[in-house]
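Novice: Once you've looked at the hints, dock chain B against the given chain A.
Residue numbers (the numbering used here), protein chains in the order written: chain A, 1 to 606; chain B, 1 to 281.
Read the hints as simulated data drawn from the structure, not as lab findings. Nothing here was measured: the structure is a model prediction, and the numbers come from that model. All C-beta atoms in this analysis are idealised placements derived from N, C-alpha and C, irrespective of residue type, glycine included.
Rough simulated footprint, nothing fancy, chain B against chain A, three-plus residues with beta-carbon under 8 angstroms:
#, segment
1, 386 to 400
2, 415 to 423
Residues on chain B that point at chain A, a partial pick, calculated with CB under 10 angstroms:
#, residue
3, Ala-177
4, Asn-193
5, Asp-274
Pair ranges (Cβ atoms, derived):
#, chain 1, residue 1, chain 2, residue 2, range
6, A, Gln-365, B, Thr-165, 18 to 26 angstroms
7, A, Met-62, B, Ser-13, 23 to 31 angstroms
8, A, Arg-377, B, Phe-11, 51 to 59 angstroms
9, B, Val-187, A, Ser-383, 20 to 28 angstroms
10, B, Phe-11, A, Lys-151, 54 to 62 angstroms
11, A, Tyr-153, B, Thr-165, 19 to 27 angstroms
12, B, Thr-165, A, Lys-604, 41 to 49 angstroms
13, A, Glu-123, B, Gln-120, 50 to 58 angstroms
14, A, Pro-107, B, Asp-224, 54 to 62 angstroms
15, A, Ser-22, B, Leu-204, 36 to 44 angstroms
16, B, Arg-115, A, Met-62, 38 to 46 angstroms
17, B, Asp-224, A, Gln-365, 56 to 64 angstroms
18, B, Ser-13, A, Gln-249, 48 to 56 angstroms
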Amino acid sequence: MTIEQAKPLLAVEGLSVEFGNSRVVDDLSFTVHPGKTVAIVGESGSGKSVTSLSIMRLADTMGAKFAAGRIVFGDRDLLKASQKEMRTIRGKEIAMIFQEPMTSLNPVFTIGDQICEVLMLHEKMGKSAAMAEARRLLDMVRLPDSEQLLKRYPHQLSGGMRQRVMIAMALACRPKLLIADEPTTALDVTIQAQILTIMRELQKDLGMGMVFITHDMGVVAEMADEVVVMWKGKKVEQGPVSQIFADPQHPYTRTLLAAVPRLGSMTGEEFPKRLPLTVLENDVPTVVGEERVQDTARYNEVPLLSVKDLFVRFDMRKTMLGKVTHRLSAVSKVGFDIYPGETLALVGESGSGKSTIGRTIQQLQTAHSGEISFNGRSYSAMSAAERFRMRQEVQYIFQDPFASLDPRKTVGFSIAEPINTHGLISGGKAVRRRVDELLERVGLSSAHADRYPHEFSGGQRQRICIARALASDPKLIIADEALSALDVSIQAQIINLFMDLQAERGLAYLFISHDMAVVEKMSHRVAVLYLGQIMEMGSRRQIFETPRHAYTRRLLSAVPVADPSAERNVTLMEGEIPNPVRRVGDEPAILAHEEIDPGHFVAKSA
Amino acid sequence: MAANTSRLQRFHSLEFILGASLTIIICGAVLLSDVLFPGAEKVNLLSRLVPPFTDIQHVFGTDPLGRDVLARVVAGGKISLLVGFTSVVGAVIFGVFMGLVAGYYRGFWDMLVMRFADLQLAMPFILLAITFIAIVGGSLTNTIILLIVSQWVQYARVVRGSVLTLREREFVLSARAIGVRDWRIIVQHLLPNLIGPVIVLMTLNVANNILLESSLTFLGLGVDPTIPSWGGMLADGRTYLQTAWWVSVFPGLAILLTVLGLNLLGDWLRDSLDPTGRTTG
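The following block holds chain A by itself, in its conformation from the complex (with noise of 0.2 angstroms):
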């Protein structure tokens, strides 16, 4: 046993990957032993996911080329093996999960056959014999009703349910090395948690090796047992798990560190701060910006936005002669104030309708019922001309910042669009003076201007939406996933940005997302909802220091700790978001709401 313990599972030894002339990985070395996790960690771009395709010897069909270096597997080197030879080691010895449950299952056969090809394949199983061990391996993965569920096809399972169909026919042939790649990004924390805590149980059970690539530091404290910190392609740092996040020694690494929210890290504080960050100056970690209190809400005014039992529903399926059978209740009776220079979250997962209510107030999706009001003037009670406006003082910001803008328009075009659209400056000089200004002031240079959207990254282009937000001089952003879908240290800057202009202009936001650590870092008050109604509304210091509802506390608990000290979460969480299509006449019931706190409002059970 010892001695098997020695000698690693898989051993990559100086290994560089090139593309073209572009050399993506730079001589990266690092073991994984059985039954350990390594955890791969880096920000877009550090080669962390081509380092996961060049051991399944996947990454050559996309062009690479491996410069130097061995990928020791067992006794093989697996960049000598043919395609060939890999084929009979991927999904059998080597397995592999991708990020996207979604695409990774052909949706055209149904779970039973998916699961059963790759056992008939690999351990020439007949089809019975393949089918009940198929139905084993979805009890593994503690999915319920598996008989059931052998039958259904990829689209009627929930993102969460398909993911773990993926482990469980990752997992088929008992491979002794598993690559899980992002599994989890794509998922709400709760799911996150669950598949986690399978994870973990599973290689306990089967003994196998895993590299686990993840950009979240929470997923690693959780899951590791050692850490490779990679960025621009070399690693920068390598070491037990506990190590890493207690001493980190890397410049980078201590950036990475700084910039990861914490859940908690703001208990006691009345608002919310503005943090100074630390960033990588010539490669020594400087610390800048300001520390400030964000205390700009104007509570004593009117509010800017007022919603009032706002109902929005899409109908879903109909009868032959048009009769609606079946409704989708994105948002039941929600209704929230927001004062000016003030920061409300919507917290939720996926089908909790957040997105809706911000498209609502966009006026990009029509309300089935309620009043919304800016300003004290309903919009139901607006001209035409007024609704119009209405688009010049709210702004939405999107999740995706490479799919909201025109791949075809230069970024100044795309920013100048509001300008131009509601006439706000005249003459071509006069616009394009403003739109340098603002390029400025997000942290671009007015050179940009010219340039095309894919000239820039994800957080550069995040800045250029922003900036876009910004040129109607608007009074209200809502902020949709708006830091979803950025690197934690560039997530960071982009939250300081926010809050630097809410202190400089007095902006409120509607900052709708999932994640809970970033919302108690940024606002002034939170509603959590879950399938379309409000759980659980008050000040951030309520809903995060002395949650009341059952669901406020289960989405917190949920998130995955940055702390490897801290005691795992041990609790398998069960239950899935329940579908929210519903029969007519079998609407969800609505549920009262009660003061327990000056403006702490908790959903009573229904």
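Specialist: Structure of chain B alone, referenced to chain A:
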């Protein structure tokens, strides 16, 4: 500065140089045909079916009526190119407009336009042609109108499909969120993003229409058969293919080179319109 050089570099592609020179040479020769080859229709029964490259007077040889093939090919381009270009441009304008309206506004207009398009797709072209020409009579304009009527559906379908995916994209949503007017969204954001496949379809349809015009003429539904056109010459030479190949091969080559030139230009245009510089379908 950087933008200027890259704009210049765009013209330094083989596609552009080949495509543009082919198109310019062919179009130039066709436009100047009256000056270059006056009397292309002169019949000379004494020099029937002269093989090509034997007589300096008739480089591409002569046809069964002793007319010079080169002169007829150049002169015949007038009708062919006129029909080819105008019908495609007309169909694109009409089809793209209908596709944009149907895709962007959905609902009633979408249903109306698309059901009408289905109706038309279900009708065979020849049946449509015979009915149409029987009612309005055969002429150059009517042939062009017929081709537009029969082909706008293709563009409308392609465009509507693209609009349906584009209108849900976040950059279109964010333009709406800002308050940009519908027609500006359509012109500024949708059109440039869906023009690629339309250009490809356009270049292919020019050739298709040159041939369609000839088959219409062959059936007696198109233009006056005595006016030379590439398609007409191709059809005439068919009977002599075994004895005098040059009668139909040279007009065929003219069609081929025109289409090749346009295709190259179309590919270049599509790629150079895309700022990311990737090659898309």
